[in-house]
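Residues per chain, in single letters:
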Amino acid sequence: DAGVIQSPRHEVTEMGQEVTLRCKPISGHNSLFWYRQTMMRGLELLIYFNNNVPIDDSGMPEDRFSAKMPNASFSTLKIQPSEPRDSAVYFCASSFRDTVAKNIQYFGAGTRLSVL
Amino acid sequence: AQKITQTQPGMFVQEKEAVTLDCTYDTSDQSYGLFWYKQPSSGEMIFLIYQGSYDEQNATEGRYSLNFQKARKSANLVISASQLGDSAMYFCAMREGWYFGNEKLTFGTGTRLTIIP
Numbered sequence: 001d002a003g004v005i006q007s008p009r010h011e012v013t014e015m016g017q018e019v020t021l022r023c024k025p026i027s028g029h030n031s032l033f034w035y036r037q038t039m040m041r042g043l044e045l046l047i048y049f050n051n052n053v054p055i056d057d058s059g060m061p062e063d064r065f066s067a068k069m070p071n072a073s074f075s076t077l078k079i080q081p082s083e084p085r086d087s088a089v090y091f092c093a094s095s096f097r098d099t100v101a102k103n104i105q106y107f108g109a110g111t112r113l114s115v116l
Numbered sequence: 001a002q003k004i005t006q007t008q009p010g011m012f013v014q015e016k017e018a019v020t021l022d023c024t025y026d027t028s029d030q031s032y033g034l035f036w037y038k039q040p041s042s043g044e045m046i047f048l049i050y051q052g053s054y055d056e057q058n059a060t061e062g063r064y065s066l067n068f069q070k071a072r073k074s075a076n077l078v079i080s081a082s083q084l085g086d087s088a089m090y091f092c093a094m095r096e097g098w099y100f101g102n103e104k105l106t107f108g109t110g111t112r113l114t115i116i117p
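As they're listed, the protein sequences go chains W and S. The numbering of the first sequence is the working numbering, which starts it at 1 and goes up by one. The numbering of the second sequence is the working numbering, which starts it at 1 and goes up by one.
Because the hints were derived from the structure by calculation, they are not lab data. Even for Gly, the Cβ is constructed at its ideal location relative to N, Cα and C. There could be a bad hint or two in this list.
[To be verified] Taking lysine to aspartate or glutamate and the DMTMM-like style, the derived pairs with C-alpha atoms no more than 20 Å apart in a straight line are:
#: 1; chain 1: W; residue 1: Lys68; chain 2: S; residue 2: Glu96
#: 2; chain 1: S; residue 1: Lys16; chain 2: S; residue 2: Glu96
#: 3; chain 1: S; residue 1: Lys104; chain 2: W; residue 2: Asp56
#: 4; chain 1: W; residue 1: Lys24; chain 2: W; residue 2: Glu14
#: 5; chain 1: W; residue 1: Lys24; chain 2: S; residue 2: Glu44
#: 6; chain 1: W; residue 1: Lys102; chain 2: S; residue 2: Glu56
#: 7; chain 1: W; residue 1: Lys78; chain 2: W; residue 2: Asp63
#: 8; chain 1: S; residue 1: Lys104; chain 2: W; residue 2: Glu44
#: 9; chain 1: W; residue 1: Lys102; chain 2: S; residue 2: Glu15
#: 10; chain 1: W; residue 1: Lys102; chain 2: S; residue 2: Asp86
#: 11; chain 1: S; residue 1: Lys104; chain 2: W; residue 2: Asp57
#: 12; chain 1: S; residue 1: Lys3; chain 2: S; residue 2: Asp29
#: 13; chain 1: W; residue 1: Lys24; chain 2: S; residue 2: Asp55
#: 14; chain 1: W; residue 1: Lys24; chain 2: W; residue 2: Asp63
#: 15; chain 1: S; residue 1: Lys3; chain 2: W; residue 2: Glu11
#: 16; chain 1: S; residue 1: Lys3; chain 2: S; residue 2: Asp26
#: 17; chain 1: S; residue 1: Lys70; chain 2: S; residue 2: Asp86
[Said to hold, decoys possible] Label pairs and their in silico Cβ distance ranges:
#: 18; chain 1: W; residue 1: Met15; chain 2: S; residue 2: Val78; range: 41 to 51 Å
#: 19; chain 1: W; residue 1: Gly42; chain 2: S; residue 2: Gly101; range: 14 to 24 Å
#: 20; chain 1: S; residue 1: Arg63; chain 2: W; residue 2: Glu14; range: 38 to 48 Å
#: 21; chain 1: S; residue 1: Ala71; chain 2: W; residue 2: Met15; range: 48 to 58 Å
#: 22; chain 1: W; residue 1: Asp57; chain 2: S; residue 2: Ser28; range: 33 to 43 Å
#: 23; chain 1: W; residue 1: Ala72; chain 2: S; residue 2: Arg72; range: 23 to 33 Å
#: 24; chain 1: W; residue 1: Phe74; chain 2: S; residue 2: Ser80; range: 37 to 47 Å
#: 25; chain 1: W; residue 1: Glu18; chain 2: S; residue 2: Gln30; range: 21 to 31 Å
#: 26; chain 1: S; residue 1: Glu44; chain 2: W; residue 2: Gly28; range: 14 to 24 Å
#: 27; chain 1: S; residue 1: Ser41; chain 2: W; residue 2: Gly3; range: 31 to 41 Å
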């Protein structure tokens, strides 16, 4: 079974450039999450969607960050313009949300972003 | 206050020994879930085990078990018969409340486990 697929795995860009990270969730999952991992702040939730609708974007750092989920099988996280402090590993995760509380989130391999 | 506290930044354990990774949590919700994830050096996050706040039995998944002490608000991960492949970062996480719009996981800072041959 295919897991959560993220692309690219590594991204190196220069300050001021636009960066787009992509995610394909596990087929059949209806919730999708974007997390960021840094040494200073650890793992933090940026935004999550349920049935393609953004539910909680309180973790999005600022207006430079935007996320979309145009359909059930694809999501993007865009940073424009990028800054060196955006350097981090960005994870996408998905889960199947039903009436049961468990709702395990399965993570992709992550995108390591370096902004020079 | 920290929602999830992992007090052991690093641990070294002899191969084949059992290891306990500590996790304490802070919540006022009666309904919550506790999760453990493993992050090997390759970077991916791997789900290991889940415990719900109303679960009466401690969760077990193969060599992993969760020592859930609700009154003490602790959810320690126990790995039996450790293997070299268990060397990784381990994160404890919590989801508070089982209502729509609250699927956020809050993670601890992690424990780096190194298994010594």
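(message) Between the alpha carbons of W:Lys68 and S:Glu96, is the straight-line distance 20 Å or under?
(response) violated (25 Å)
(request) Return holds or violated for the Cβ distance of W:Phe74 and S:Ser80 against the range 37 to 47 Å. (result) holds (40 Å)
(request) Would you mind confirming whether the straight-line C-alpha gap from W:Lys24 to S:Asp55 stays at or under 20 Å? (result) Violated. W:Lys24 to S:Asp55 sits at ~32 Å, over the 20 Å cutoff.
(message) 33 to 43 Å was suggested as the range; check whether the CB atoms of W:Asp57 and S:Ser28 agree with it.
(response) violated (24 Å)
(message) Need the status of pair S:Lys70, S:Asp86: alpha-carbon distance at most 20 Å?
(response) Violated. S:Lys70 to S:Asp86 sits at ~27 Å, over the 20 Å cutoff.
(request) Check the following: the C-beta atoms of S:Ser41 and W:Gly3 are separated by a distance inside 31 to 41 Å. (result) At roughly 18 Å between Cβ atoms, W:Gly3 and S:Ser41 fall outside 31 to 41 Å, so the hint is violated.
(request) Mind checking the alpha carbons of W:Lys102 and S:Asp86 for me, to see if they're no more than 20 Å apart? (result) violated (24 Å)
(message) Given the hint of 38 to 48 Å, is the C-beta distance from S:Arg63 to W:Glu14 inside that range or not?
(response) Holds: the Cβ-Cβ distance is about 46 Å, inside 38 to 48 Å.
(request) Would you check the hint for W:Lys24 and W:Asp63, treating anything up to 20 Å between C-alpha atoms as holding? (result) violated (24 Å)
(message) Given the hint of 14 to 24 Å, is the C-beta distance from W:Gly42 to S:Gly101 inside that range or not?
(response) Check passed, 23 Å falls within 14 to 24 Å.
(message) Check whether the Cα positions of S:Lys104 and W:Asp56 lie no farther apart than 20 Å.
(response) holds (9 Å)
(message) Need the status of pair W:Lys102, S:Glu15: alpha-carbon distance at most 20 Å?
(response) violated (32 Å)
The structure fails hints 1, 2, 4, 9, 10, 13, 14, 15, 17, 22, 23, 25, 27 (numbered hints given earlier, in ascending order).
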